[in-house]
Each structure stands twice: as structure tokens, then as C-alpha cells.
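Residue numbers (this note's numbering), protein chains in the order written: chain A, 68 to 616; chain B, 23 to 121.
These are computed hints drawn from the structure, not numbers from a lab. Cβ coordinates follow ideal geometry from the N, Cα and C atoms, glycine included. Any given hint could turn out to be false.
Unchecked claim - Heads up, incomplete: computed chain B residues facing chain A, CB under 8 angstroms, no partners named: (1) V43; (2) I45; (3) M59; (4) L60; (5) F70; (6) G75; (7) D78; (8) Q80; (9) S110; (10) S112.
Stated by the list, open to error - Pulled from the structure, derived: some chain A residues nowhere near chain B, Cβ distances all over 12 angstroms: (11) A139; (12) P193; (13) A268; (14) K273; (15) R482; (16) L491; (17) L520.
As the list claims (entries may be wrong) - Restraint-style ranges between C-beta atoms, simulated for each label pair: (18) A:R499 x B:R108: 34 to 42 angstroms; (19) A:V325 x B:I45: 39 to 47 angstroms; (20) A:K217 x B:M54: 30 to 38 angstroms; (21) A:K221 x B:R108: 20 to 28 angstroms; (22) B:S112 x A:H490: 25 to 33 angstroms; (23) A:P399 x B:M54: 52 to 60 angstroms; (24) A:P519 x B:V51: 33 to 41 angstroms; (25) A:S213 x B:S112: 50 to 58 angstroms; (26) B:R47 x A:V142: 49 to 57 angstroms; (27) A:E114 x B:L31: 41 to 49 angstroms; (28) A:S580 x B:I50: 37 to 45 angstroms; (29) B:L34 x A:L112: 39 to 47 angstroms.
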Amino acid sequence: MSAAAVHSLWTTAADPISKIETPKIEYGQLSPTLIVIGGALIGVLIEAFVPRKSRYYAQAFLSAVTLAAAFAAVVALAAGGYGTTKAHIAAMGAIAVDGPSLFLQGTILLAGLLGVFTFAERHLDPLAHGNRVDSFAAQAASVPGSDSEKAAVKAGFTTTEAFPLLLFAVSGMLVFPSANDLLTLFVALEVFSLPLYLLCALARRKRLMSQEAAVKYFLLGAFASAFTLFGIALLYGYAGSVSYATIAQVVDGTVTNVDPALAGTMGNDALLLIGAAMVVMGLLFKVGAVPFHMWTPDVYQGAPTPVTGFMAAATKVAAFGALLRLLYVVLPGMRWDWRPVMWAVAIVTMLGGAIVAITQTDIKRLLAYSSIAHAGFILAGVIATSRDGVSSVLFYLAAYSFVTIGAFAVVTLVRDAGGEATHLSKWAGLGRRSPLVAAVFAVFLLAFAGIPLTSGFAGKFAVFKAAAEGGAMPLVVIGVISSAIAAFFYIRVIVLMFFSEPHPEGPTVAVPSALTTTAIAVGVAVTLVLGVAPQYFLDLASQAGVFVR
Amino acid sequence: MNPVNYLYLAALLFTIGATGVLIRRNAIVVFMCVELMLNACNLAFVTFSRMHGNLDGQIIAFFTMVVAAAEVVVGLAIIVSLFRTRHSASVDDASLMKL
Chain A
68 MSAAAVHSLW TTAADPISKI ETPKIEYGQL SPTLIVIGGA LIGVLIEAFV
118 PRKSRYYAQA FLSAVTLAAA FAAVVALAAG GYGTTKAHIA AMGAIAVDGP
168 SLFLQGTILL AGLLGVFTFA ERHLDPLAHG NRVDSFAAQA ASVPGSDSEK
218 AAVKAGFTTT EAFPLLLFAV SGMLVFPSAN DLLTLFVALE VFSLPLYLLC
268 ALARRKRLMS QEAAVKYFLL GAFASAFTLF GIALLYGYAG SVSYATIAQV
318 VDGTVTNVDP ALAGTMGNDA LLLIGAAMVV MGLLFKVGAV PFHMWTPDVY
368 QGAPTPVTGF MAAATKVAAF GALLRLLYVV LPGMRWDWRP VMWAVAIVTM
418 LGGAIVAITQ TDIKRLLAYS SIAHAGFILA GVIATSRDGV SSVLFYLAAY
468 SFVTIGAFAV VTLVRDAGGE ATHLSKWAGL GRRSPLVAAV FAVFLLAFAG
518 IPLTSGFAGK FAVFKAAAEG GAMPLVVIGV ISSAIAAFFY IRVIVLMFFS
568 EPHPEGPTVA VPSALTTTAI AVGVAVTLVL GVAPQYFLDL ASQAGVFVR
Chain B
23 MNPVNYLYLA ALLFTIGATG VLIRRNAIVV FMCVELMLNA CNLAFVTFSR
73 MHGNLDGQII AFFTMVVAAA EVVVGLAIIV SLFRTRHSAS VDDASLMKL
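With the sequences and hints as input, model every part of the structure.
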């Protein structure tokens, strides 16, 4: 009797192990994200192994190179046709490589690159014990004003961890608009949010405000992401899958193999409606739309200004990308349900942001409320539910992110003894003292206001045109009215800068190094080029405006 | 037992957590309430997984746990640094910035 036969006397053969399919990952098409994650991990190693003196240079150089390489990868993919003809779903259905995701990834990477430039600026603050210092705390763990902090400042410490944190945030943002299932969406949301919470707490000056902003952002952000997660759970319960394509099929009623459990849950509209509402709520929190905007002014004001600029630009791009994909790919079958709600949100966001901004006296809070109003304008394009809607939102996001980073970079320059002079009264007469800085800031404000020959006008025109063609004419009227209200306070700042007497003990304008100068110059250049000759970029956005499903 | 009952429990836990976030004043307790909400989500995921007979929900529950752990690391760091500066973890005291 053979060994196998003896064996069979007291055992039975288990079912053969069914073969687990080897996951197929298209590394080349995911290379932008992978490059950024790799750079961030190397950044962590630099923190561990490189001597403190050379860490700043190593980190700044590594971050800039990483983001530039990732941008080159995005351009290569787009040139290879992955944005148009070869658009498809990669990584076993987790990531969509298509026009909108490549366009938004490119925008986020450029915003991140300019963000690195403003992060690395070390010429604005006066020397501390002979060391050049940047906007970040000497040592985040030490209590402000304590002996340990004084020792850290004296030793010339800087929080170079800000650079890897920025890279981790960028990697999450790259995945967020291209996520093609709800789990990837949630993980990407957390991957880009958690580093931002930390970055907010790292200000060198005004640490109390900075820490307060971080706590508020963290608690509200965690609260919102818990809502998103419960919404994902309900959508999973409704469709039996977290894949965008499957959920879309179940919503449309075109799903082929319906098992009894799915037949039971897909008849339950409460799961779908509440689940979709909660997920959309989490995304609206991230874009800062009005019922969920309360964190925006405090966080924008308290965070270190380079972080604010990066966060304001890149988060909005990533979150609107994810919102577009969710509404256009997963939930187009229930657009008659979500459109009225988004109408209401867009109206209160546009009007609320513009009206409350009028009463602000702090320049960073003013820009925060202006960013809320802009979220409303972009929502008007989202509501269009057309191909033009997608491309106009893409164009608007690209234009808006450069203006925002540039504007916050200018805010870092205007300083007095306590650091940045953000109170509006201190900006009086800035145009007489430093005409160039004031003129540059005026260009950004005019772009925010949507004056012709700036990128803001081209973006607003595209978005409102798409909304009007999508049947949202009342929304366009309200949008134009709130643009007019918003123009009032932008112009008021310009008048304040150029036509009022400067304070004798007013703030001085610091002379930046080439880094911040580059960030501001790129901001101005993009603002003017997109304003004067927008057609090429509108065509680019329009080519990129098709989602893959 | 009908698995739908677990969904009701998940919704109840989620509501308790959300109420806690809104009414409690200590940042640590607020944060614990957020964790309760995440655990309610996990319960819902596992229950739906059981109802549909696929494993997606159970796997997502693991991801949620990892994310919650990462959130604890970041959140406690921020709350502790605020506490050391202010000697208070109350979310009402932190009100330097107002309209």
C-alpha cells in the first residue's frame, strides 16, 4: 500500500486551493505617485541618517527633484496618449489613468513644486543666533517660549520634516482624484490629510495660533472623514462592492448577476441616498463648501503661510477632482437627486463666502473666505454635468491654484517685528513703499476677482458658460452677483495699498531669495498667460475632460 | 440573528460618537468619539460583508483600523503639543481666532 493510500484512510482531500490571481500592477502608469512616495520615504531616511547641518539642503533638493521627476512622468504619460485614447483603469481597478486624473496630477505636482520653493525660503526672518531660519518651528515638540525651544533655536535646529510631510501629502493628493474605488478614495483622503494636520502646527511665529489651527483642522477633519467612511459603508451595503464601475451599474440598474442579497439591498434607496450624501459631504468639507466651511478661515489664518498657500491650492484641486469623479462616474444615474442639493450648496457657498469676506480684517482670513467663494464658482461648473463642465472645472482649478500660491507667497513678504503683518490696516500704503510687491499682489487680487486679461476671468467664463449650457442659468446669475460682491473687497485691498497714506511704523517688505521670487514669478506668469491666451490650455483641458469607467 | 440588527447597532454607535464630538469639550474625549464613529463604520462594513457574502467589507475593516491607528498617532501628537502649551485640552479655550 502506497503512502498516499494509507494517508487516505483517515483523511479526506480538502478542496484544491483555488488559484489566487497575481495582482497586475501597471507600475509605469502609476509612476507619478510611486516617484513621490519613493521621494518621501528617502526624505524620512535623510532625517534619520544625514547630519543636521546638511539636512535642509538635502531635503529641499530631494523634494524639488522628486516633484519635477513626477511631473515629467505625468507629461510622458499624457504624451503617450493615456489621457485620451489609452485611458484605462489600472492596478486591479483601484486607480483610473485618464485625462482628468493626469491633468489634475500635473496641476498638483506643479503646486507642490512651488510649495517646496516657499517652504524652503530662509531669507525672510532675521537671523536667529547667526542661523538662517524658515517659516517652521525650530523644534515642534518644544513648548513655545520655553528653555528647550530657546536651546533649539540657538543650536540652529529647523523642522526639515516639513519636506517629506509635503511629499506624503502630495502622494495622497495624486491618488485622490484618480481613485477608482471607495477604499482607495478613503485611504488617499487620510494619506493627504494627516501630513497637512501636522504641517499646520509647525509655525515658527505665532505657535499658539498654529497649534490651535492644527487641533481644529484635525478634529473637524477626522469628524468629516468618519462621515465619509460611514457613507462608504452604506454604499458598499447598497451595491455589494466598493468599485466605482459596479456601484454605477447598480445605481443605473444595469447590473447583470444579481444574487439574492444584492437584490435585497439594491432596492433600498435609503442606503444609496444617505451613503452618497455622506461621502459627498466629506468631499465638500475638503473643498470648503459652505455648510462645511467652518474650519477654513481658522486653519488658513493659523497655519504657517507657505503651508496655507500649498494647502489652499493643492487640496482644492485634489478634492474637486475626487468630487467630479464621484458625481460623474459613480452617481450620474441619480443626478436628478444630487443636482438640486448641489445647486443649494453652490448658491450658499458663493454668496456666503463673498459676503462674509467683506467684514474680514485679516488678509489670510480674507483669502480664506475668498477661497470659499471660489469653491462655489467651481461647484457651478460641477453642476453642469457635461463634458464642458469637466473641462471648465479642470481649467479653473489649474488657474486658481497658481494664483493662490502666488498670493500667499506675497503675504509672507510683508513683515513687522512680530513676523508676518497680516492685519489689513498694516497693508495701507504698501503700494507707495514697495510698488512692485503691491502691483504683483494687485494682479493676484484682480485674478481672484475675475477681471479680464487674468486667468480668473478665463476660468470663471468657462465655468459659467458650462453651467449656463447645462441649464443652470439662475446659478450663473447668482455667480455673477457674488463675483461683483467679491470684486468689492478685492478692489478695496488694492485701494488700501495704493491710495492711502503708509503708517510711519508700518511693516517692511522683506527681500526674498530666488525661491519665493520664482514661486511668485511663476504665479504671475501663469495668471497672465492663462488670461491673455487661454485657448491652448482650454483645449488641453477639453481634451482631458473625459472620465474612464 | 438577523444581521440587520448589527446595522442598527452600528448606526446607533455612530450617532453616539457624532453627538459626543458635538457636545464634549475635552479634545481627547472628542477624539475618542471620532474613534467610536470609525468603529461603528467597521461594524457596518463587516455586517454588510456578511450579508453580501463577499470579503470586501472585512478587508476594508482592516484598512480602517490601520487608518485609525495612524490618525491616533497624528492626533495625539497635536493634542499633546497643544496641552503642553496651554495646560488645557479644552476645545473651548482654544479660541484665539474668531470672526
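Starting from the hint list further up, note which numbers the structure goes against and sort them upward. Numbers 2, 8, 9, 10, 13, 14, 23, 24 and 25 - these are the hints that the structure violates, sorted from lowest upward.
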